[in-house]
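Dock chains B and C against the given chain A, drawing on the hints supplied.
Residue numbers (the numbering used here), protein chains in the order written: chain A, 157 to 495; chain B, 2 to 682; chain C, 13 to 205.
Please keep in mind that the hints were generated in silico from the structure rather than gathered at the bench. C-beta: ideal position from N, C-alpha, C; glycine also. Treat the hints loosely; a few may be bogus.
Claimed, not checked - Estimated spans, in silico, between C-beta atoms of each pair:
no. : chain 1 : residue 1 : chain 2 : residue 2 : range
1   : C       : L155      : A       : Q226      : 36 to 44 Å
2   : A       : A380      : B       : Y304      : 38 to 46 Å
3   : A       : S300      : C       : I170      : 33 to 41 Å
4   : A       : S296      : B       : T255      : 55 to 63 Å
5   : C       : I170      : A       : D273      : 42 to 50 Å
6   : B       : R355      : A       : K474      : 49 to 57 Å
7   : A       : R231      : B       : T394      : 54 to 62 Å
Now for the letters of each chain:
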Amino acid sequence: MTRYLYYPGCSMDASARAYQESLAAIAPVLGLDLAELDDWNCCGATEYFGLSRTPAYALVGRNLAIAADQADGTRTLVAPCSACFLNLARTDHAMAESPVLRRDVNASLEVGGFHYDPGAITVRHLLEVIMNEVGLARVSGAVSRPLTGLRVAPYLGCMVPRPDYASLWIRHEQPRDLDRLLATLGADVVDYPLTTECCGGHMAQISTELGFGLIRRLIVAAEARGADLMVAVCPMCQMNIDAFQGEMNRHFRTSHHMPILFFTQLMGLAFGQEPTRLGIGRELVDASRALARVGIEVPPPSEDELKAAQREEAHRRKQALPMPHLDDAPGAERQEVRR
Amino acid sequence: MTADEPAGTGAGPRIGVYVCHCGSNIAGAVDVEAVRDFAAAELAGRGVVVARDYKFMCSSLGQELIEQDVRELGLDRVVVAACSPHMHEKTFRGAVGRAGLNAYLCDLVSIREQVSWVHTDRAAATEKAKAILSGGVERIRHNVPLEPVVVPIDPATLVVGGGIAGITAALELANAGHKVYLVEKDPSIGGHMAQFDKTFPTLDCAACILTPRMVEVGSHPNVELLTWSEVVNVSGYVGDFQVTVLKKARYVDTELCTGCGICQEKCPKKVVDEVFEAGLGYRKGVYTPFPQAVPKYPVIDRYNCTYYEKGTCKACEKFCPTGAIRFDQQDELITFKVGNIVISTGFSLFDARRIEEYGYGRLPNVFSSLEFERLSNSAGPTGGRVVLRDGVTEPRSVAIVHCVGSRDRRYNAYCSAICCMQSLKFAHLVKEHTAATVYEFYIDMRTPAKGYDEFYQRLMDEGTIFVRGKVAAIHEAEAAEGAAGKLVVQVEDTLAGVQRRIPVDMVILSAGVEPRSDARDVARLFGISCSADGWLIEKHPKLDPIATMEEGVHIAGGVSGPKDIPASVAQGAAAAARVLSHIAAGQLELEPYKASVAATACSGCRLCNGLCPFSAISYLEDRAVSEINPALCQGCGVCVAACPAGAISASGFDTDQILAQIEGLLLEHVGPAGPTAGVLA
Amino acid sequence: MVVEHSGADAAPDSAFLEEVMGATAVPSRLDHCIQCGTCGGSCPSGPEMDHTPRQLFALIRAGRRDAVLSSNAPWMCVSCYYCVVRCPQAIQITDVMYALKTMATRAHAAGDRTASDFSRLFIWNVEHFGRSYEVGLVGPHYLRHHLGRLPGVAPMGIGLLAKGRIPLAPARIKGLAGLHAILARAAELEAAR
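Bound-form chain A, shown alone:
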């Protein structure tokens, strides 16, 4: 077991309980010993930074200070929520960059008996830790019920690969890490180019037309590529696509049905764990129909169909101009996250 400091964030006990439950179920399998910070507080989401600068950084600084106090041999703080991850990383970064901010935040923390030196803690998102510390080999070794035939759209959202203060990601626009993880679970990963597009964040609460428009775009693109369900790495993204899907349908007079689960839930399923233990069923857009495919082999196409398809493909290729080659085209084994 490897010990990591763990900052759950407010949603994990509430709207994202399924994320928390599934993470608790898979952590021992992956050798993750997640030590929750004592008496952590809210990170301020995307709200506090717009209200007042020094208090916003002090609010997050308190969590970093607690982490540093509780470090005990590790300095890695893992956050499962993208917004929490970014706010923690952003505060560490800004305190390092700005001496004035560092001074003011520490002068504030002092009143509560805390202190934080930027750089003392390395903030990382859960997905990135699983990709780079646990590794796909270990994940693959734990798979006992491959998700063969389940078509998934990997949805990363914004704040994990962007703005990437610590330069952990090579690609900020089309990273394929989540694709590779899901493929390791045996799932059929659809090419989902909107993987890092925005879910709208709090926009569903502010501007209905805009917020629902962004949600619809993501769902329509997943449907168009034949996905059975979408996969999220952030409570906010999951909440927008799942909880607001009904209201979005009413708003646009549509009838989309696109379930979205957390990647940890799919890992648990692939590891053979009980769906109820993984918070399956807590989603408002029912995923059970999609999950009925798990374990079901898609019958291979018939010999004649295959040959006809090959002929057509050969004809198409003969006419086509060559593509510029990408060293890291989907399927190519390459680490996209830099450590």
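Coordinates of chains B and C only, in the frame set by chain A:
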């Protein structure tokens, strides 16, 4: 008389000090009068007999001032505090020479590049200028008269890189009657220009204007064309460079080959041509890059040859009517001497794959600019049909994206200079070949040369739609956007102030230009330097753009920065003109800075022998000391610094001179010890 | 077109630019904007903004304080960071948007208050419990700003409750008093900057 005797007694040195204002360049940040007064009062004891300041010391009047003082005041040393010696050392040494003094008894100390341009605190800058001047005065007390070294110029010239700049330089030199070695690493000369269909702004056919020059240079009796070859070593100096070239095996006997092309026809191996066809087309394992290639002889790409891979095939050999295929041919090293070198190794295209949001390499119908050049070229992979990646469909709408990888701190901060005009040309070519609607997405339209803005006007007449805004992203159209199968260009139309999503069939990325990936190796090979970006650095960006700090090594074309065809041609010709002036003079005066070994102090450790980059040091077994051949020594000073016994010194940079200059900088001898020098403003 | 004459004695237009640049935590490089529109083109909220980010930056440079602080653009920012990673001039646009929200709130200049009220409500929760509480947030917010959406959003609330995704009471941290003291001190220091 010793240098330490007080001045003014008639026995010590008589030094004149001249402080330049350089308009406000120096005077803006340095109190020039205070520096002058300092020299007159505080350095009088060190031999300064006159100190003057002047608005522009380098002007004729400024120079005459110095000449007059040398004659009338009997000066025997002159220190000018002005700009860098790179700028005006020659000017002032010329002036004292005209006044009858040895030129090397004049030094220039820099209070512009090293003081006024880099400091804002006037008081501190003035103090620093005084210290630098004091160092110059201490140093010049130890200067001795020197005579420049005269070297003969070998009339042959090496031109490296056979693009339009190199071809131009080679032809100018050859037509003047001199021998030229033109070295090109690809199988044919022609460079990027050979890949184009049309050239802006006049839309001449690139092949029609380039091919005659390629043929001329290829058949010129004075040109030795070495294609499929690379320079691997250069030694010597201006007038007398020794060059080693690796001539890669072509596996074709050029004495027998007629260039009939049957081998290419019969070769079963087809590979994507990443070089000439920019990855958009195929070539064979044995190939000439294009039909008008010069020379006409093909090469066998041994890494893509069935025979070399599997040991069987030899189709080319079987079908060659003259028996010219030679599978046993070996690489060859050839050496020759030249007096001058012109480097014209060109540039590379920015790799648009680096901008993920533009989808190049992911979205099939996003093309790079070089791909489009080949697509629109009648000799290209589609025979000039402008079609989508499926090879069939003609686009009905095309977006051309400017500033791809240029003016962007994530990639290259500079403007690539050619892309606006190139993009306008593309718009014209799309219109010429198809009925498509064409959009140009630009940040600023930059068309600053003869006929360029007129071309922009012409494109407006042709109905091109111009949208001012840097493209944010290119997507596949989403089902929600109702434009299935299209690409969507997402952009802020900055003149309308609205975000637009414009569906198109094809996107052309007008990628910027970059230094070649091996630019640093080229710079090292020829002993010149690169900017941080990787462009080769010219001697002076305005006044000497084709020379380098290495005498006899010249640069021309895109190797020193983004340039279009007219500018590259002008530089090729300019570099040739400079070389011709060297050849016509027959000889060149070089700085007489040479190292020499004091045999009595040399311990014979031989440390210096291996360090000398010019192989100028030999070890004399009988006397157990090292000796430097002054003809080979370039005065670089490596041996001086390395000698543990301090036995090596370099004229012009003697240890005494350097130590005295340091003492001067530390103001160790300052004080009005002698009679006050005259202050004359 | 509005014609604006800068009076001879008026504060230079750059004063407002400097004020905005001084309000971010890290240097924003806002003075390096080349008006290329990458930000406005990338922005998922672009269509809903009164001004694209680029226009906002031009207005800041023109010293148009009122127009900038009453624009809805900063409040429409979803912090997706597309503009930041794509900006060819490496301008920290998200930080600028946060700073503009703060300045607009102080100047009481925001036009539509939906977004700023949501922020304040969220912060009220955090300041009172140390954690955010979705019911305490969404309930009052919908009552105030989206009354018409209540019938639509009600099934969602009931659903979340039924699925065990809404705790009945807000979580409260132990060190609440200490947190209050920290935030109070931070607010004082911010005011002094």
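Please flag the earlier hints that this structure goes against, numbers listed from lowest up. Hint 6 contradicted; others consistent.
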